[in-house]
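Enquirer: Now for the letters of each chain:
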Amino acid sequence: MKMTKTNLIVCAALVLGPTAAFSSDATFKNVVQHIESHYHAHRSHSFLMGFAGLMVKCTQFSGVKDMKMAIFEEQNFSDTGSDTKFEEVVRAGLDHGWQPLVQSYSRRSGEHSYIYAQYAGKDMKLLLVTLESSEAVVMQVQIDPDRLSEFVNEHNAK
Amino acid sequence: MTTINTKKRLIVFLCMAMGFTLSGLGQSARLDLSNLQKLTDKAAEVNDVTLDGSMLQFGSKFMKDGDSKQAQVKSLLKDLQGIYIKNIEFEHDNEYSAADVEAIRTQLKSPPWVRMVESRSKHGHEIDEIYLAKDGDKVIGLAIVLAEPKELTVVNIVGPIDLDKVGQLTDQIVPRHDKDDKGKDKTRQKKGQKAATESAHENDED
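In the order they appear, the protein sequences are chains A and B. Our numbering applies: residue 5 is where the first sequence begins, and numbers increase by one. Our numbering applies: residue 6 is where the second sequence begins, and numbers increase by one.
Just so you know, not all the hints are guaranteed correct.
Stated by the list, open to error - Which chain B residues face chain A? A few, computed with CB under 7 Å, are given here:
no.: 1; residue: V51
no.: 2; residue: T55
no.: 3; residue: S65
no.: 4; residue: K66
no.: 5; residue: F67
no.: 6; residue: D70
Said to hold, decoys possible - In the BS3-like style, the derived pairs of lysine-lysine whose C-alpha atoms are separated by at most 30 Å in a straight line are:
no.: 7; chain 1: A; residue 1: K89; chain 2: B; residue 2: K155
no.: 8; chain 1: B; residue 1: K79; chain 2: B; residue 2: K170
no.: 9; chain 1: B; residue 1: K66; chain 2: A; residue 2: K61
no.: 10; chain 1: A; residue 1: K69; chain 2: B; residue 2: K83
no.: 11; chain 1: B; residue 1: K69; chain 2: A; residue 2: K69
no.: 12; chain 1: B; residue 1: K79; chain 2: A; residue 2: K126
no.: 13; chain 1: B; residue 1: K83; chain 2: B; residue 2: K66
no.: 14; chain 1: B; residue 1: K66; chain 2: A; residue 2: K126
no.: 15; chain 1: B; residue 1: K47; chain 2: A; residue 2: K89
no.: 16; chain 1: A; residue 1: K61; chain 2: A; residue 2: K33
no.: 17; chain 1: A; residue 1: K89; chain 2: B; residue 2: K83
no.: 18; chain 1: A; residue 1: K72; chain 2: B; residue 2: K155
no.: 19; chain 1: B; residue 1: K69; chain 2: A; residue 2: K61
no.: 20; chain 1: B; residue 1: K170; chain 2: A; residue 2: K33
no.: 21; chain 1: B; residue 1: K79; chain 2: A; residue 2: K69
no.: 22; chain 1: A; residue 1: K126; chain 2: B; residue 2: K69
no.: 23; chain 1: A; residue 1: K69; chain 2: B; residue 2: K66
If you are wondering where the hints come from, they were derived from the structure by calculation, not from laboratory data. Note that beta-carbon positions come from the ideal geometry of N, C-alpha and C, so glycine has one too.
Please build the complete structure, drawing on both the sequences and the hints.
Expert: Here it is as C-alpha cells:
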C-alpha cells in the first residue's frame, strides 16, 4: 500500500514537473507563433539566437541558465491596434504561472511591452515581450539570482 | 465530555481564525485596483507595474551594501510587501467617471488609511491625494491618487515605510532641485529687485 502511494507521488511529480516547465515555455512559443502567423513575420538571426541559447545553457555564464530569444526586425507591425488577440496570448501566460511585473500599452504608438516573472525553484524565469511598429522581441531567460548578483556586483566594483 | 471539549476546541479555533483574518484585514494596505481594468479598453496609454515582496527582494539583491545610497534603498525595500502602480492616459477629457476614482477613494476612507495631502486645481479638474496607512505610529502603506481630466494614476506601496529614511534618500538622490530652486530663487530675487527699482523710478517720475 505504501509502495503504491510512493509510486503515485513519484508518477505525479514526473508528470507534473515537466508539464509545469512546459506550460511556462508554452507562453514563449505561443507569443512567437502569434507574431509569425498574424503578421506573417520572420525571425531575424534565428541561427545566432539558437547558438547563443545553446552556449548559455552549456556555460551558464553569470548565472544565466537558459535563454530563448526571438527577434523580428524591419517588419510591418503597424496594425497592432486591431490585433486584440496579441494581449490575450501574452496574458494567457498568467495561467501558466507567470506573474506580471510590467505591462505597458500605447494605442498612439501601438507599442506593447510586457515583463513577466516566475520562480523556478531558487531560480527565476523572466519573460520579456515588446512589440513596436517595425520590430518585436520575445525573450525568456532563467537566471540564478545569487550568481547573477555576484556577477553584477563584481563588475560594478571594477 | 468529549463533545464539550470538541465544541470548545471548535470555538477556540474559530476565534483564532477570525482574529487572524480580522487583524490581517485591518492592517492590509493593499488596494483593490481591479475596477480600473475596464478603463484600459478606452485608454490611449496604459502602464501597469506590479512588484510584490519577492520581486522587490530579488531586485534588492543587485544593490550593493558598500554604496550608501544603494544600501539605504535596500533597507527601505527590505520589509516592503509590494509596489503597485497603475497609470492610464486617455485621448480626450473625462473618459473615465468620478465613480471609477470613487471606488478607490472608498477603500481609502476607512482605517488604516489617513489622508495626508489633498490638492485640487482651481476648477476642480485635477485632484491629487496622498494617503498613509498607519498602524499606531508606524506607517504600513502609502497611496497616491492623481486624477487629471486625461490621466489617472494610482500608486500603492504596501509594507512598513520609514519616512525619515525616505526623506534622507530624497535629499541625496535629488539635490539638483534644490540647486535649481536656489538658482531660480536668485533669478526671481533679481527680477523682483529690478521690478521694484523700475516701479520706484515710475513713482518718482509721477
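Enquirer: State for each hint whether it applies.
Expert: Consistency of the hints with the structure:
1. About 5 Å separates the beta-carbon of B/V51 from the nearest beta-carbon of chain A, less than 7 Å, and the hint is met.
2. Because the beta carbon of B/T55 sits about 5 Å from the nearest beta carbon in chain A, less than 7 Å, this interface hint is met.
3. The beta carbon of B/S65 is not positioned within 7 Å of any beta carbon in chain A (closest approach about 9 Å), and the interface hint is therefore violated.
4. Given hint, B/K66 at the interface with chain A, holds; its Cβ is 4 Å from that chain's nearest Cβ, closer than 7 Å.
5. Hint status for B/F67: holds, given a least beta-carbon distance of 5 Å to chain A, under 7 Å.
6. Here the hint on B/D70 is broken, as its CB sits about 9 Å from the closest CB of chain A, past 7 Å.
7. Among the hinted pairs, A/K89 with B/K155 is consistent with the structure: their alpha-carbon atoms are about 26 Å apart, no more than 30 Å.
8. Restraint check for B/K79 and B/K170: the C-alpha separation of about 11 Å stays at or below 30 Å, so the hint holds.
9. Simply put, B/K66 and A/K61 have alpha-carbon atoms about 23 Å apart, close enough for the 30 Å limit, and the pair holds.
10. The straight-line distance between the Cα atoms of A/K69 and B/K83 is roughly 26 Å, inside the 30 Å bound, and the hint therefore holds.
11. The suggested pairing of B/K69 with A/K69 holds, with an alpha-carbon distance near 23 Å, which does not exceed 30 Å.
12. Restraint check for B/K79 and A/K126: the C-alpha separation of about 20 Å stays at or below 30 Å, so the hint holds.
13. Among the hinted pairs, B/K83 with B/K66 is consistent with the structure: their alpha-carbon atoms are about 10 Å apart, no more than 30 Å.
14. Distance check on the hinted pair: B/K66 and A/K126 sit about 13 Å apart at the alpha-carbon level, within 30 Å; holds.
15. For the given pair, B/K47 sits about 17 Å from A/K89 by alpha-carbon distance, which is consistent with the 30 Å threshold.
16. Restraint check for A/K61 and A/K33: satisfied, since their Cα atoms lie roughly 18 Å apart, inside the 30 Å limit.
17. With a CA separation close to 38 Å, the supplied pair A/K89 and B/K83 exceeds the 30 Å bound.
18. Distance check on the hinted pair: A/K72 and B/K155 sit about 39 Å apart at the alpha-carbon level, beyond 30 Å; violated.
19. Between B/K69 and A/K61, the direct Cα distance comes to roughly 28 Å. Compliance with the 30 Å bound is thereby established for this hinted pair.
20. Note on B/K170 and A/K33: the hinted pairing is violated, with a Cα-Cα distance of about 44 Å set against a maximum of 30 Å.
21. Distance check on the hinted pair: B/K79 and A/K69 sit about 26 Å apart at the alpha-carbon level, within 30 Å; holds.
22. For the proposed pair A/K126 and B/K69, the alpha carbon gap of about 21 Å is at most 30 Å, so the pair holds.
23. Of the pairs offered as hints, the one joining A/K69 and B/K66 holds, with about 18 Å between alpha carbons and a cut-off of 30 Å not exceeded.
Checked against the numbered hints listed earlier, the structure breaks hints 3, 6, 17, 18 and 20; every other hint is satisfied.
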